[in-house]
Amino acid sequence: MIDVAVVGGGAAGVAACVAAAAAGASTSIVLGGSGASALSCGALDVAPWEDERGGSRGEEGAEVDAGALAVLRALGIYDVGARPALLATTAGIVRPARGRDAALLDLASIAPAGSTGGGAVLLPRCDQHGWDATALARAWNDAPRARARGLTFVPVDAQITRYREERTLRDAEIAERHDDRDRLAWLADRLRDVLARGGDFAAVLLPPWLGVAAPRARELGERVGLPCGECIGHLAGPSGQRFLRARDRAIDAARVDRIDGWARAVEATDGALRVELEDGRAIGASRVVLACGGVLGGGVRYDPGDARFAGAMPSAARPTFSFAIDGIGEPGIHGRPLELAGSLFGAPPEGIAWPLADDPLLERVGLLAGAEGRALAGLPGLYACGDLAADRPRTFLEALAAGARAGARAAEDR
Amino acid sequence: MRLFVDDASPGSEPAGRAPRDTARAAMTVDDGGTGASYDVAVVGGGVNGTGVARDLSLRGLKVVLFERHDFAYGASGNSSGMIHGGVRYLLTAPSVTRDSCLDSGYIQRIAPHLLFRIPFLMPIPAGARGRVLIELMDAYLGAYDAYVPLKRGELHTRLDPSDLARLEPGLVGSSSGGVTFDEWGVDGARLCVLNAVDARERGATVYTHTTVEAIRRAAPEDGARAAYVVQARDRLTQRALRVRATHVVNATGAWGPITAALGALPGKRVRVRPAKGVHVVYDRRLSNYAILTEAIDGRQIFLEPWENMSVIGTTDDDYYGDLDDVVATSEEVRYLVQGIARVFPSIREGRAIGTTAGVRPTLYEYGRNEDTLSREHAIIDHAADGAPGVYSMIGGKLASFRLFAQQMTDRLAEDLAPSTRCTTQERPLPGGDRVPDALSLASRHELTPVTARRLVYRHGSRAAQIVQRLLRRPREAAVACACEPVLEAEVRYTVSAEMARTVDDVARRTRLGLGACGGMRCAARCGQIVAEEIGLSPREGADQARRFLARQARARIVALGPQQARQEALSVAHARATLGLKGRP
Chain F
1 MIDVAVVGGG AAGVAACVAA AAAGASTSIV LGGSGASALS CGALDVAPWE
51 DERGGSRGEE GAEVDAGALA VLRALGIYDV GARPALLATT AGIVRPARGR
101 DAALLDLASI APAGSTGGGA VLLPRCDQHG WDATALARAW NDAPRARARG
151 LTFVPVDAQI TRYREERTLR DAEIAERHDD RDRLAWLADR LRDVLARGGD
201 FAAVLLPPWL GVAAPRAREL GERVGLPCGE CIGHLAGPSG QRFLRARDRA
251 IDAARVDRID GWARAVEATD GALRVELEDG RAIGASRVVL ACGGVLGGGV
301 RYDPGDARFA GAMPSAARPT FSFAIDGIGE PGIHGRPLEL AGSLFGAPPE
351 GIAWPLADDP LLERVGLLAG AEGRALAGLP GLYACGDLAA DRPRTFLEAL
401 AAGARAGARA AEDR
Chain L
1 MRLFVDDASP GSEPAGRAPR DTARAAMTVD DGGTGASYDV AVVGGGVNGT
51 GVARDLSLRG LKVVLFERHD FAYGASGNSS GMIHGGVRYL LTAPSVTRDS
101 CLDSGYIQRI APHLLFRIPF LMPIPAGARG RVLIELMDAY LGAYDAYVPL
151 KRGELHTRLD PSDLARLEPG LVGSSSGGVT FDEWGVDGAR LCVLNAVDAR
201 ERGATVYTHT TVEAIRRAAP EDGARAAYVV QARDRLTQRA LRVRATHVVN
251 ATGAWGPITA ALGALPGKRV RVRPAKGVHV VYDRRLSNYA ILTEAIDGRQ
301 IFLEPWENMS VIGTTDDDYY GDLDDVVATS EEVRYLVQGI ARVFPSIREG
351 RAIGTTAGVR PTLYEYGRNE DTLSREHAII DHAADGAPGV YSMIGGKLAS
401 FRLFAQQMTD RLAEDLAPST RCTTQERPLP GGDRVPDALS LASRHELTPV
451 TARRLVYRHG SRAAQIVQRL LRRPREAAVA CACEPVLEAE VRYTVSAEMA
501 RTVDDVARRT RLGLGACGGM RCAARCGQIV AEEIGLSPRE GADQARRFLA
551 RQARARIVAL GPQQARQEAL SVAHARATLG LKGRP
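Chains as they are written, first to last, in our numbering: chain F, 1 to 414; chain L, 1 to 585.
What the hints contain is simulated information worked out from the structure, not anything from laboratory work.
Worth double-checking, as some hints may not be accurate.
Unchecked claim - Covered stretches of chain L, as calculated for chain F (at least 3 residues, CB under 8 angstroms):
1. 333-343
2. 523-530
3. 541-550
4. 560-568
All C-beta atoms in this analysis are idealised placements derived from N, C-alpha and C, irrespective of residue type, glycine included.
Just chain F, with the same shape it has in the complex:
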């Protein structure tokens, strides 16, 4: 029997286990598949950035939770400054973020808020699928936040992939090649060659290629003599991979017991809790922190009801959403349990997802939990954080903060 069992290996789960271990609790973490954190892009937000009320939008920067900062230090691959970062995406946008994966180029560090002097950012132009430096320069030069600071993006011919067949590789695969020091040195040489041809550049912006085991932006920058960094690329880029590696290192450093498997159910046994795994193993723990993700991560299931009936109509109403783990209660939203919809097929999908719903159930439904993560109903000793918890903004910093709170509180209550 241990003190705290954490279920889920995303941002909230690692935060919970690091916080619980730091509070002196004997801790295990159950790691299953990958969810939102493994697919994260490296931008750290408190609230969705495009939301007018969002925390990372203002130039002054939102307060970042102390627990989240402690976990970020343990992960060791993120930077959160006093002011928001400014990041470029291959969708052609320049967006603010409260913090960032250290591999990403922070445009605000070259052109701080209030400055209009900006500077020129070099974009290497090469034959690479998905990296059209000319078009991206055009798009970023048109971005209001870049223009306001006088930033310009200048594409310059530079063959920065080494082998022809790399043209069609995915970003994360090339990023992994740059974990090799010699290969990174080769890239630095190519960039130095380009810079030697002239031009006054303040930084180099690259595709998301700078390492998987760890961010290689700083090392590259030192070799090149200019700040270097990535833009945010497509889904499933290297940033999520870097998170997973950093997570594994943080779990080991905190001496947390790592268990690979899928949790199937949680049940109460003699004043303690028991987490059952799919393969039959079980973990006894005084407290259980659930961080197994929302709909995207697989912690919450959407089940409209008709799929399992071959006949005309489902014969009985069922909840539209359920949890992947049995025994942890019923999903809720807005502080209330979800009501049964007036349809045998559950809530009509028209009302539960973007862009038709203003506050989409698909993104907000989950386990109802108090401010410190304690589940409001169901088994005593259960905590929820991250996307599994209802009514939380789906952001990385919020997941870290909630995970750290839940882990610390679970350790204290053990």
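Got chain F sorted already, so can you dock chain L onto it with the hints?
Only chain L this time, still in chain F's reference frame:
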């Protein structure tokens, strides 16, 4: 001077949306300056409008075409994607079946790259009724076989229960066997685009995203015939334009009565009974054959493998909503899935990646069930309404568009070019002159075979023009949409050669962003390319991408199932991280 006679009886409502004062305003003579002069102004860029514009252009007439959205935005681009032979009209109107089969053969001749075979299978249930039904169907399709060679189809076959199970293992339930027959699939949107492109190359002026605001009688010129001024506005740039034409064709499908009202014509003369039809699209081919079965109310519905996907359809319900914003509902999706799942249960494990919805311009009749309404077409001559030279085309089907266009053009040609004859059945559509070998194209230009195959499907011999671009700009070989797949060169080509003006337009022409990923990887990139090609700011390109993603998401979520829900959450998370999300489209 009163030009249009408003013959609406007292108390009756004016048709469409046009308020009465618009109708009055239109009764004045337009003597303002006009732009270019044309023989015919065609309103509507569906298959009827583009078909007429092509036919007129081939006969050497001067044509202008206006489309409010994009080609095939309405029923033409949201049909079942079939050039069918009219098998259902065999008993009621065998001449319709014959004409449909004949025209299907013609369409194959002029666009061989764009048609693909869809073998149909109709399982017949076991039991006494089934044993009779299979005899009836066998005999019925035996009669249909007489027309099938006209469209180069395979003759029907009769299957015993074991054949049925072997050919289509996904079918369940005991059966008396089944029957097969043969139809042809087509990409309806590309069919419209190719007609419009051909018309333009032969001299027609074509405006998309341009809505007609008024059709007025032009100031009379001495000895000249009646003429009209068409006033329109570009909905993307807000630029106003006016043209003069001696003839006007209203080919706006379900919008027909609204368009008629813009010319102060009595809407009831162009009366249609709008009927909504929806389809659900799945991410892959789920069956070998198209399967015909019955919905809960006895209506015929089907599952068809269509290009690289599967489609189930079709509903048919009276429609009272906004024609510019037709979307499927989850109720309609459930109705279709329920019906298909009864014979093909694995449809429930399939991954729905979208829905389509369109409104058929069925001929008006009161008091009949939607299914029994005629799918016939008709030409209304508005000379009787005091507007000589103005016609409305109502009704029609994708399968008989060429014939309908020919009939309309013949009428116009009586006035304008009596010595000409129709050649649309023999002159190939753009790219249809020859179908290049996809594999040799692939090896010559270092494309994947799938990329080359899809390129040839969409563009026929014009695939060569697209790959030619790669010789000058090798970077355009980058794959813009991996699901379909679509090359960057093709995206640029659709803007420069096929009049695409938005991300949505590119998707309609190439199927970019309509595959399994829902545009997550390609919409923003496509927006950048479109913006660059037509000289918009990159921000406008990003806005186009956001609008496209929102529109697609809206069409997808009505078919949301357990598997799609995760994908939908992922899609939103990605769009949020890289593009930002705005509210409703």
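A quick look at each hint next to the structure:
1. 333-343: holds (count 5)
2. 523-530: Holds: 5 residues of the segment 523-530 of chain L have a Cβ under 8 angstroms from chain F.
3. 541-550: Our answer is that it holds, as 4 residues pass the Cβ test (under 8 angstroms) against chain F, meeting three.
4. 560-568: That given contact holds, which follows from 6 residues of the segment 560-568 of chain L lying within Cβ reach (below 8 angstroms) of chain F.
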